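Please put together the full structure from these sequences, using the hints given.
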Amino acid sequence: MYGIQDAKKIKLYSRMGKEVVSAVRRGGPNTASNMLLAALLEKFKVLDVPMEILECNIKRATKKGQEAYIEKIYEVVIYSITIFIYMLS
Numbered sequence: 364m365y366g367i368q369d370a371k372k373i374k375l376y377s378r379m380g381k382e383v384v385s386a387v388r389r390g391g392p393n394t395a396s397n398m399l400l401a402a403l404l405e406k407f408k409v410l411d412v413p414m415e416i417l418e419c420n421i422k423r424a425t426k427k428g429q430e431a432y433i434e435k436i437y438e439v440v441i442y443s444i445t446i447f448i449y450m451l452s
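The working numbering puts the first residue of the sequence shown at 364, with every later residue one more than the last.
Please keep in mind that the hints were generated in silico from the structure rather than gathered at the bench.
Be aware that a few hints might be false.
What the hints assert, rightly or not - Now the in silico label distances, taken between C-beta atoms and shown as ranges: (1) 372 to 438: 28 to 34 Å; (2) 393 to 443: 28 to 34 Å; (3) 419 to 396: 16 to 22 Å; (4) 445 to 410: 23 to 29 Å; (5) 395 to 374: 28 to 34 Å.
Stated by the list, open to error - Derived lysine-lysine pairs resembling DSS-like cross-links, with alpha carbons at most 30 Å apart: (6) 372 to 435; (7) 381 to 422; (8) 406 to 372; (9) 406 to 381; (10) 371 to 408; (11) 371 to 381; (12) 406 to 374; (13) 374 to 426; (14) 408 to 435; (15) 422 to 372; (16) 408 to 381; (17) 372 to 408; (18) 422 to 435; (19) 435 to 374; (20) 426 to 406; (21) 381 to 435; (22) 381 to 426; (23) 371 to 406; (24) 408 to 422; (25) 435 to 406; (26) 371 to 426; (27) 426 to 372; (28) 371 to 422; (29) 374 to 422; (30) 374 to 408; (31) 406 to 422; (32) 426 to 408; (33) 435 to 371.
Remember, it's a predicted structure, so these values are computed and weren't measured experimentally.
Cβ atoms here follow ideal geometry from the backbone N, Cα and C, with glycine treated the same way.
See the structure below:
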C-alpha cells in the first residue's frame, strides 16, 4: 500500500506535470526561449522531482491532438484581504 509520503509525492508530481504542460504550450519546449519552463526546471531541481517527469510531460505537451489545460485565476476578497487562487485543470 501507499504511505502518506507516497501520496504527497504523487500529488506533487501531478501538479508539476500540469505546470510543465501549460508552460510548454505557452512558449515551446526550449528552455532557452521559454523562461517559464526554465523556472520550472529550477523548481524541479529544488523539489527533487525526477527529470523523467519533466521529459515525459514535455513530450506529452508537444504531441498533436492533446487537449489543453485550462488556467483559471480567482480573486477572493474577504474583509479587505485579497486572495488570488490559481487553478490549472
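Each hint, compared with the structure:
Judged by the Cβ atoms, the range 28 to 34 Å given for residue 372 and residue 438 holds: they are separated by roughly 31 Å. Taking 28 to 34 Å as the suggested C-beta distance range, the pair residue 393 and residue 443 does not conform, at roughly 43 Å. With their beta carbons about 21 Å apart, residue 419 and residue 396 fall inside the hinted range of 16 to 22 Å. Between residue 445 and residue 410 the beta carbons are some 27 Å apart, a value that agrees with the proposed interval 23 to 29 Å.
Range check, residue 395 to residue 374: Cβ separation about 30 Å, and the 28 to 34 Å hint holds. A C-alpha spacing of about 24 Å is found between residue 372 and residue 435, which places the hinted pair at or below 30 Å, so the restraint holds. Pair hint residue 381 plus residue 422 holds up; C-alpha atoms about 13 Å apart against a cutoff of 30 Å. The straight-line distance between the Cα atoms of residue 406 and residue 372 is roughly 15 Å, inside the 30 Å bound, and the hint therefore holds.
Using a Cα cut-off of 30 Å, the hinted pair residue 406 and residue 381 holds, with the two alpha carbons roughly 14 Å apart. Of the supplied pair hints, the one linking residue 371 and residue 408 holds, its CA atoms being roughly 17 Å apart against a limit of 30 Å. The suggested pairing of residue 371 with residue 381 holds, with an alpha-carbon distance near 16 Å, which does not exceed 30 Å. Taking the CA atoms of residue 406 and residue 374, the gap is about 15 Å. The hint holds against a cut of 30 Å.
Only pairs whose Cα atoms come within 30 Å are accepted, and residue 374 paired with residue 426 is accepted, the gap being roughly 24 Å. At roughly 26 Å between alpha-carbon atoms, residue 408 and residue 435 fall within 30 Å of each other, so this suggested pair holds. For the proposed pair residue 422 and residue 372, the alpha carbon gap of about 21 Å is at most 30 Å, so the pair holds. At most 30 Å may separate the alpha-carbon atoms for a hinted pair to count; residue 408 and residue 381 meet this at roughly 17 Å.
Straight-line distance between C-alpha atoms of residue 372 and residue 408 comes to about 14 Å, which keeps the hinted pair within the 30 Å bound. Distance restraint check for residue 422 and residue 435: the Cα-Cα separation of roughly 24 Å lies within the 30 Å cut-off, and the hinted pair is therefore satisfied. This hinted pair checks out: residue 435 and residue 374 have alpha carbons roughly 19 Å apart, not beyond 30 Å. With a CA separation close to 24 Å, the supplied pair residue 426 and residue 406 stays within the 30 Å bound.
For the given pair, residue 381 sits about 13 Å from residue 435 by alpha-carbon distance, which is consistent with the 30 Å threshold. Taking the CA atoms of residue 381 and residue 426, the gap is about 15 Å. The hint holds against a cut of 30 Å. This hinted pair checks out: residue 371 and residue 406 have alpha carbons roughly 16 Å apart, not beyond 30 Å. Only pairs whose Cα atoms come within 30 Å are accepted, and residue 408 paired with residue 422 is accepted, the gap being roughly 19 Å.
Distance hint between residue 435 and residue 406 is fulfilled; the C-alpha atoms sit about 21 Å from each other, no more than 30 Å. Taking the CA atoms of residue 371 and residue 426, the gap is near 28 Å; set against the 30 Å cutoff, the hint holds. For the hint linking residue 426 to residue 372, the alpha-carbon distance of about 26 Å falls within 30 Å, and the restraint holds. At most 30 Å may separate the alpha-carbon atoms for a hinted pair to count; residue 371 and residue 422 meet this at roughly 24 Å.
Between residue 374 and residue 422 the alpha-carbon distance is near 20 Å, which keeps this suggested pair within the 30 Å criterion. Taken as a hint, the residue 374 and residue 408 pair is honoured in the structure, with Cα atoms around 17 Å apart against an allowance of 30 Å. Distance hint between residue 406 and residue 422 is fulfilled; the C-alpha atoms sit about 19 Å from each other, no more than 30 Å. At roughly 25 Å between alpha-carbon atoms, residue 426 and residue 408 fall within 30 Å of each other, so this suggested pair holds.
Only pairs whose Cα atoms come within 30 Å are accepted, and residue 435 paired with residue 371 is accepted, the gap being roughly 23 Å.
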